[in-house]
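If you want the building blocks of each chain, they are given just below.
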Amino acid sequence: MFPRWRYRRRCRAAARQCGLPTVAAYAKDCAGLDVDKLANTPVISVDLEMTGLDATQNHIIAIGWTQLDKGRISVASNRHVLISTKQSVGHSAAIHELRDSDVAEGVPIEDGLEALFEAARGRVWLFHHAGLDVAFLRYASRLWAGVALPFMVLDTMNLELTIRKRREQPVHHGDLQLNKLRANYNLPGYTAHNALIDACATAELLLAMAEKMDSSGSLRLQPHINYY
Amino acid sequence: MPTNYHDISFIAEFLHTVHPFNSLDSEGLHKLARTLEVAYYAQGKTIFSSKPAPGLAIIRKGAVRLVDESHKFLDKRSEGELFGHDIYFHGETKDYIAEAEEDCLLWLMGVEDFKKLRAENKLIGEYFSSHLKTRLSAATEIKHSITQVRDLLKREPVSVDSNMSILEVARLMSAERVSSVLVLCDGNLCGIVTDKDLRHRVIAQALDTGLAIAEVMTKDPKSVPADADVDEALLLMMRQNYHHLPVMDGPRPLGLVTAGDILRAQSEHPLRIVRDIYKQNSIEELIELSHRLPLLFERLVNLGRDIEQIGRMVTLVTDAFTIRLIQIAEQQLGPPPLPFAWIVFGSQAREAQTARTDQDNGIVLERDAVGDEVTYFEKLSKYVCDGLDKLGYVYCPGEIMALNVKWRVSLDKWKRHFDGWIDQPTPKSVMYSSIFFDIRCVYGECALVDELQSHAITRAKDNRIFRRFMAANVLNHKPPLGFFRRFVQESDGSHSEGLNLKHRGIVPITALVRIRALECGIKEANTYRRIKLATACGAMNEDDASSLRDALRLINRIRINHQSTQVMAGETPTNFVPIEDLSPLLRRNLKAAFMLVEEAQNALALRYQVL
Amino acid sequence: MDLKTLTFLVVGATFALYIGIAIWAKAGTTKEFYVAGTGVHPIANGMATAADWMSAASFISMAGLIAFLGYDASVYLMGWTGGYVLLALLLAPYLRKFGKFTVSEFIGERYYSKAARMVAVLCLVVASITYVIGQMKGVGVAFGRFLEVDFHTGVGVGMAIVFIYAVMGGMKGITYTQIAQYCVLIFAYTVPAIFIALNLTGNPIPQLGLGSSMADGSGVALLDKLDMIVTDLGFAAYTSQKWSTLNMALLTLSLMIGTAGLPHVIMRFFTVPKVADARTSAGWALVFIAILYTTAPAVGAMARLNLMETIQSGPVGSADGNMVYADRPEWFKNWETTGLLQFEDKNGDGRVQYYNDKNEEFAAKAASFGWAGNEMVKVDRDIMVLANPEIAKLPNWVIALVAAGGLAAALSTAAGLLLAISTAVSHDVIKGMIAPDISEKKELLASRLAMAGAIVVAGYLGMNPPGFAAQVVALAFGLAASSIFPALMMGIFNKNMDDKGAIVGMLVGLFSTLLYIFWFKGWFFIPGTAMAANTPDNWFMGISPEAFGAVGAMLNFASAYVTSKLTPPPPEHIQHLVEDIRVPMGAGKAQRDH
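Protein chains in written order, with this note's numbering: chain A, 1 to 228; chain B, 1 to 611; chain C, 1 to 594.
Chain A extracted, bound-state conformation (with noise of 0.2 Å):
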């Protein structure tokens, strides 16, 4: 009921109960966050590798992010950090090329999270499939910061669904992963990997879905939000 008023007061506790100067901002600012049509909304995209699936056993190993505003994504925000993680790669290296070695030259998970909320005070998070990698944030967060942050957050997977509800299209196995989908809204297919590049591919989808579900650039994104 009301999860947006919810979410504001969660915001508003968060900033009382937080010492860190980072995460107190951030909570200040997103209790006032006010979301509008895209063209209006700070926007964070953001895709995350990790060790494994579940966020209390395993690890955040990189994370990449970059910022859209006015409806458009600038390409100075980018950034790309590798998180120093005593816990091995394992098997998942298949999955996102990061070797030991790669996540040896890493940043402690603090300082990660730290430029995150960093970049993401004032904005909404966006996510393909947001689901896993908030789960994983917000139990990085509780350690780091003592309390659980808010999100307020979009998903493109989950903008797709709706699409497909409205128009009463089925939907396959696989047709909702982000290369996939891309590749539906005509955007250029990426070779390579890593969580910047697919932050940066959410972004772009996002972008293509916003006006290929109101070309007048008006769409509301407010249905569209979930909070957590």
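Incorrect hints may appear among the rest.
What the hints assert, rightly or not - Just a few of them, taken from the derived set where beta-carbon distance is under 8 Å, the chain B residues facing chain A:
#: 1; residue: I8
#: 2; residue: I11
#: 3; residue: K31
#: 4; residue: R34
#: 5; residue: G62
#: 6; residue: R177
#: 7; residue: L184
Claimed, not checked - Partial selection, computed: residues in chain B whose CB lies under 10 Å from chain C:
#: 8; residue: R459
#: 9; residue: S547
#: 10; residue: R588
#: 11; residue: E599
#: 12; residue: N602
Everything labelled a hint here was simulated from the structure, so no lab data went into it.
Glycine residues also receive a C-beta, built at the ideal position from the N, C-alpha and C atoms.
Use these hints to put chains B and C onto chain A, whose structure you have.
Just chains B and C now, with coordinates in the frame of chain A:
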């Protein structure tokens, strides 16, 4: 949190394929990337209608229509192309409106950043400048930032005096852990000794190791200056089959590079294939290798290498296949009964091959072959020509191949062929001349070819009447500009219409330059080097020469890019490039190039009075 | 349809034909690389050569000269035909062996001297421009008549068209265009001739008609009748020889040897790839040229006869024997507008009297008829061929055709010459001497300017012509004969001839001839500046300025020989070269191959 290159290198990577940004080095590309914003426009949307445009746009994906105020179509831009800057439409800049013809992903640069970019980078500034000649020049000179050989040197060279004994040298080499040393005579480089030399020339011959090293060294080795282009050095090594190449700073040796150094430095260098070719022992294996050719061509093109070098590298591969085939044939047939040279003509001789190429070759024999010798060379050429055909170098439609007994004759007969063409320049003779005057020896007794060239070129140099016929023939291949300088598209029958860049672009320039080269008696076959030499000898004015060279580069670049796209799409590469595939800027540059060719043709016509 | 419209149509149609052929020939040249074009058949090439050869002088002027000079004018026929043979047999093969296709290059190389080359260029330019004057005159006559404007305006229009034609250039040099030009030209020349011959003699072949008797039933031979008519009016008999034999011989010689020095003709010998074919096509060219040249005497004689009979319609001296001016035919009026035909009613009888009032005996007799002098104060001979069909009352389309033929002749020759002049100036002079590093663009510009300059000079002189088209052309031949021919001959046949000898010889020949011409024709042909009247009495040994070229050539030979004896012989390799040229083709090759 520091930013590292990984953040945007995937963007820089694409920018690197966009003309003119491919002239930027890595740092420049990253700097440029950071100024960009990504935007998406659905099909049919107006991207901008303001004047002036709100900056520069790079099409990452999709296509854009440029129209004027009354919505009249001006031009279309597609992936990897630019708009937003001043664009020439039929010779004048116009304000234009940009509309998304397809869904578009664009990379945008604001006016201020664009201004700054142009100001900071001369080549790019020139590219976007309105002056025609600077633009043409900028369009072609832009090339990959090339590493110099200097950058590859790891250590000071180990050098010895020529009087040192073999034993001492060998000990020094062990101590220094090097596989080769430079030999100095009075302080100047005069030889080189490698492990292999010691093995073959000393141990295998049971030579006295107390002898001076000068006895067993390779004398006067080829060397390159330190500022030589890496690819250039690699070409030299691969062509001559050298393993070590001294790098010089003036007379002083700076160090040694090996082909391995270069190949390692540029991981997966396309020319690795050349080494592989020489390792194959049967035609089947060679055929297997030849499947890599389309990909190789595409890689060479996309590496953004200098256009002259693309032709040379592609040719180098053809040469390697040819030589290997001859070697294999010799293994099967036994050593040749008399000295001969394998010669190539046309684009292979000019080192200007592209994706689509057939074989033009012949054999010069030291004297007339008799009896079994005839059969030997018949078999040899059959093996090589058939082999080349199987490798994708199809038979020459004009039967200019060693396979044809007419082009497998003695030096004397070759001379008589040339004399005949020069004395009686019938249309057929002139056609032959335009092929056979571009000649290069790839295997065997190259001195034979040298003598043939000296003979033929001296005669052509002295005979203006012959050259007049050549000149008249040049004028048969006019650039594809019709009345009012409009492009004339043609059809090759199977494909849609396009500009015939080979017959109406490359052929006229090549032919023009050939005549200028003959005026000076230049033996060189490569068109770019011919231009250089003809300018030095005074047959061409320097401005004209550089214009013509730029024109050739541009036309070649467009043709090769087009062919590369076709090869990648699995199509047969053609020389017909539809105008629609060219951006207005390219079109305008191309038109300028063609106009230069036309002017050069007119000057030639005037000179030989063939109006 | 009136004549003017018809002329526009026919001239337009022929031009469209030339351009059409040019475009057709150029299109589709981008063949597959290994498909060579087929060669041009020697007959076709012969026709093209003939078109090149026949200038306005041949087409428009020669018959006119014959019409008025009668027998004497036959030297033009002999000289030009002979010159062609001389060139084909004596010079072209050697020049070809030398591998050079322009005279200036040959001289520059043979005499190993830039100075010699420059002098040769000077001689060529002077001779060529003089030649172009003749073409301009012809073009002016043709345009003046058919646009029905003043002759000077006609020349102006002609200049513009010649310039466009020469700059566009594309039409020239294409063998098929020239074949078309030849066809137009020869058709235009012979068709009226056939009609007229048929009318006058009942024999359709003009060459035979000339020797036949009149078809009016009188049984009198045509030439006899013409002799009778002209002598009746005090003119010299048509078939009599009026010049001294020496003058005729020298004029013939000048015309013959001058041919060799004219750049546009010699070029044609080098456009055929094979020597054997070159010979065959030269032979065919001679045949095609002969068709026109043998028709010319008939056209001349018949035109004169028609003209005389039109004006002197009745017996000489009878009251109504002369044409009434008010009833003059249309063509008469038209030519009057051009200013090339002028009538002045000296005795005020309203009739036209055309007779030789210089002949004192007849002038006295004429006075008794009440004639107060020749009333045809100007009859330009160059109008004869063009006016001929009109005088003979042939259909309009024939008349229009003649105009097209005349223009074809003048334009093709003028374009060839202008090209040679512009190349000489832009390449030999500017690139060769003044600015060796000139860009191609500037070289092209220089050539255009040279072309325009040559046209302006030639046009100006064409308006103030020093003679009739054929005579001006004869001067050009004289200049070429005196300057170039000896240098060529000695270059080939005298291995001891050196650069200094050649230069002195050429300069002596050129300037002696120019001086002689200017002396009698005015300095730079400016009217009124002549040092002596241009009459046989004043001429040196009765040699006319047109004929002096042969004398100049002799002076050239002599001075060159003397100079070369006084200076060191040419270098060894040049002497070998000269010996080598004279060895037949195959032998020379065998020597080189040793």
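Structure-based check of each hint:
1. I8: holds, 5 Å
2. I11: holds, 6 Å
3. K31: With a minimum Cβ separation of about 10 Å from chain A (threshold 8 Å), the hint on B:K31 is violated.
4. R34: holds, 4 Å
5. G62: For B:G62, the interface hint holds, since the closest Cβ of chain A sits about 7 Å away, which is under 8 Å.
6. R177: violated, 29 Å
7. L184: Since the shortest Cβ distance to chain A is 45 Å, the answer is violated.
8. R459: holds, 8 Å
9. S547: Interface hint status for B:S547: holds (9 Å vs cutoff 10 Å).
10. R588: The hint is violated - B:R588 has no Cβ within 10 Å of chain C, the shortest such distance being about 19 Å.
11. E599: holds, 6 Å
12. N602: holds, 6 Å
Going through the hint list in order, the structure does not satisfy hints 3, 6, 7, 10.
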